[in-house]
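Could you slot chain B onto chain A? The hints should help.
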Amino acid sequence: MLEIQGLEASYGDVPVLRSVSVTVAPGEMVALLGPNGAGKSTLLGCVAGLVRPRAGVVRWEGQDLRTISPHRIVERGLVMVPEGRRLFGAMSVEDNLELGAFSPRARAARRQSLERVFALFPDLHARRGQIVRALSGGQQQMVAVGRALMAHPRLLMLDEPSLGIAPLLVRAILDALVEINRAGVAIFLVEQNVRAALGLAHRAYILEGGRIAGEGSGAALLQDAHVRRAYLGPLAVTGPP
Amino acid sequence: MTVLAQQILLGLLLGGLYGLAAAGLSLVFGVLKVLNVAHGELIMLGGYGAFWLFALLGLDPFASLLVVIPGSLLLGAALYLALFGFVVRAPEEARIKNSLLVGFGLALSLHALAVRLFTADDRSITTAYGGAVITLGTLSIPVIRLLSLLVALALIGGLHLLLARWRWGKAIRAAAEDWQAALLTGIDVRRAYLLAFAIGTALAGAAGTLVSVGYSVSPSIGLEWTLKALIVVVLAGLGSMLGTFVAGLFVGVAEAISAATFGGPYREVVGLVIFFVVLVLRPQGLFGRAPR
Numbered sequence: 136m137l138e139i140q141g142l143e144a145s146y147g148d149v150p151v152l153r154s155v156s157v158t159v160a161p162g163e164m165v166a167l168l169g170p171n172g173a174g175k176s177t178l179l180g181c182v183a184g185l186v187r188p189r190a191g192v193v194r195w196e197g198q199d200l201r202t203i204s205p206h207r208i209v210e211r212g213l214v215m216v217p218e219g220r221r222l223f224g225a226m227s228v229e230d231n232l233e234l235g236a237f238s239p240r241a242r243a244a245r246r247q248s249l250e251r252v253f254a255l256f257p258d259l260h261a262r263r264g265q266i267v268r269a270l271s272g273g274q275q276q277m278v279a280v281g282r283a284l285m286a287h288p289r290l291l292m293l294d295e296p297s298l299g300i301a302p303l304l305v306r307a308i309l310d311a312l313v314e315i316n317r318a319g320v321a322i323f324l325v326e327q328n329v330r331a332a333l334g335l336a337h338r339a340y341i342l343e344g345g346r347i348a349g350e351g352s353g354a355a356l357l358q359d360a361h362v363r364r365a366y367l368g369p370l371a372v373t374g375p376p
Numbered sequence: 025m026t027v028l029a030q031q032i033l034l035g036l037l038l039g040g041l042y043g044l045a046a047a048g049l050s051l052v053f054g055v056l057k058v059l060n061v062a063h064g065e066l067i068m069l070g071g072y073g074a075f076w077l078f079a080l081l082g083l084d085p086f087a088s089l090l091v092v093i094p095g096s097l098l099l100g101a102a103l104y105l106a107l108f109g110f111v112v113r114a115p116e117e118a119r120i121k122n123s124l125l126v127g128f129g130l131a132l133s134l135h136a137l138a139v140r141l142f143t144a145d146d147r148s149i150t151t152a153y154g155g156a157v158i159t160l161g162t163l164s165i166p167v168i169r170l171l172s173l174l175v176a177l178a179l180i181g182g183l184h185l186l187l188a189r190w191r192w193g194k195a196i197r198a199a200a201e202d203w204q205a206a207l208l209t210g211i212d213v214r215r216a217y218l219l220a221f222a223i224g225t226a227l228a229g230a231a232g233t234l235v236s237v238g239y240s241v242s243p244s245i246g247l248e249w250t251l252k253a254l255i256v257v258v259l260a261g262l263g264s265m266l267g268t269f270v271a272g273l274f275v276g277v278a279e280a281i282s283a284a285t286f287g288g289p290y291r292e293v294v295g296l297v298i299f300f301v302v303l304v305l306r307p308q309g310l311f312g313r314a315p316r
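Chains as they are written, first to last, in the working numbering: chain A, 136 to 376; chain B, 25 to 316.
None of these hints come from the bench; they were simulated from the model. Note that this is a predicted model, so its numbers are computed, not measured. We treat Cβ as the ideally placed atom computed from N, Cα and C, and that holds for glycine. A couple of the hints might just be wrong.
The following label-pair restraints were derived from C-beta to C-beta distances [to be verified]:
#1 Ala-106(B) - Ala-160(A): 45 to 51 Å
#2 Gly-82(B) - Gly-219(A): 42 to 48 Å
#3 Ala-156(B) - Ser-204(A): 21 to 27 Å
#4 Leu-177(B) - Ala-160(A): 45 to 51 Å
Selected chain B positions facing chain A (in silico; Cβ < 8 Å) [as the list claims (entries may be wrong)]:
#5 Leu-208
#6 Pro-307
#7 Gln-308
Next comes chain A alone, as it looks inside the complex:
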């Protein structure tokens, strides 16, 4: 349902993405891996409408997204959790979640969505009145995922959801993603934690220097010599220590 073909993007004169093609099928969990600066966030930005590509096609259920404004893309069920969470820090957990269900379609289902989010992250229910800025990084990430779920996504894109979060909570977030995926929501995940991502995802793409350098099932990539050397070896840099 998400189909990216020959995507080219650049910041000023510096090319960031070169002829990138990626697909995500309904209900699939797909990981996007690669070193810092490979263009992963730019790729997600192109899908969400925040970055306008120079060439190529981004199609969602057969429709070209390139001229559609970001809030309308959300309305169509394509929702992104940006890197660094980007919550509304001065507002309460509840206000953040409620704002997630802003589009008319999501608003109609906001009661059920809220129950779903609280079932997934019971911690948030107890903290629903708290100001988001006062929460820990892990709790904030739960709010960020929860806010995206409130928009009633059919494809959920996440940019580095485990960045800067205590290991115990990383597990909780990743488990929640699996559960969300089992409920039928497709997931497109950018993740530094390569081993965990490959363990969860049905398929994965490797993005290096703005090009797709490899793709395959999670299990196959875990065995791949290049992936093992570059991302899983003893000297591999997979994120902050």
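Using the frame of chain A, we list chain B on its own:
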């Protein structure tokens, strides 16, 4: 002593208008990251609106708020669509300087237009109850200015509730905090900007109405009110409408005290001193949050 107390009282009453004038500027600046230096001219237009409604139709100035506020909302929406909507397309850091160009152009045009249409005369509304005074011991409170203060307070309270409770009010606050994140949650940020600008203009119109009844309007009051509003915004910081109102009262009283102690000409100086001191010591303002 009684003279000083009377001056402080009048300063407080005027300060309420400073607060109302500043609230609109603060809302637009905080949400759109655009500095509308024509804000004072929008106040001036509101004042003329009320004046002509009174002069031609005999409409009570407080009742004319019911016409001036919706009219200003529409004017604000039109100005956003015609001018400021283009400014917000620029990256955030370029918005202020672009908005200064647009704002000064708009201020000059509105000033010239007002001189042409209304002449340069001072106008003020004199109602039947205009001279009424409540005497409280040695203090005398002009009824009309007291009413103005109460109306200003009610409008600020209403604005606060609007931003805290209304769906689009929350969207406006979200867009103020992080417009990209707001887009990613499905908020039409352009519409939130349009609403914020229209509401800011409506507040200016309301402030102008109150200025025309307690004080006076002429085509050239714009710059003075923009400066007053800017001083109050700097003192209060962004993000709290109630804080902005309190800062307005503070500036009004500070002006009154300095005028009473050092003489009338020093009335204007104190505001600029506050402006300077706050920028040096607490650039985020009294009620604002320090940037992360």
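Each hint tested on the structure:
no. : hint                                : result
1   : Ala-106(B) - Ala-160(A): 45 to 51 Å : 46 Å, holds
2   : Gly-82(B) - Gly-219(A): 42 to 48 Å  : 59 Å, violated
3   : Ala-156(B) - Ser-204(A): 21 to 27 Å : 54 Å, violated
4   : Leu-177(B) - Ala-160(A): 45 to 51 Å : 58 Å, violated
5   : Leu-208                             : 5 Å, holds
6   : Pro-307                             : 18 Å, violated
7   : Gln-308                             : 13 Å, violated
In this structure, the hints that do not hold are numbers 2, 3, 4, 6, 7, in rising order.
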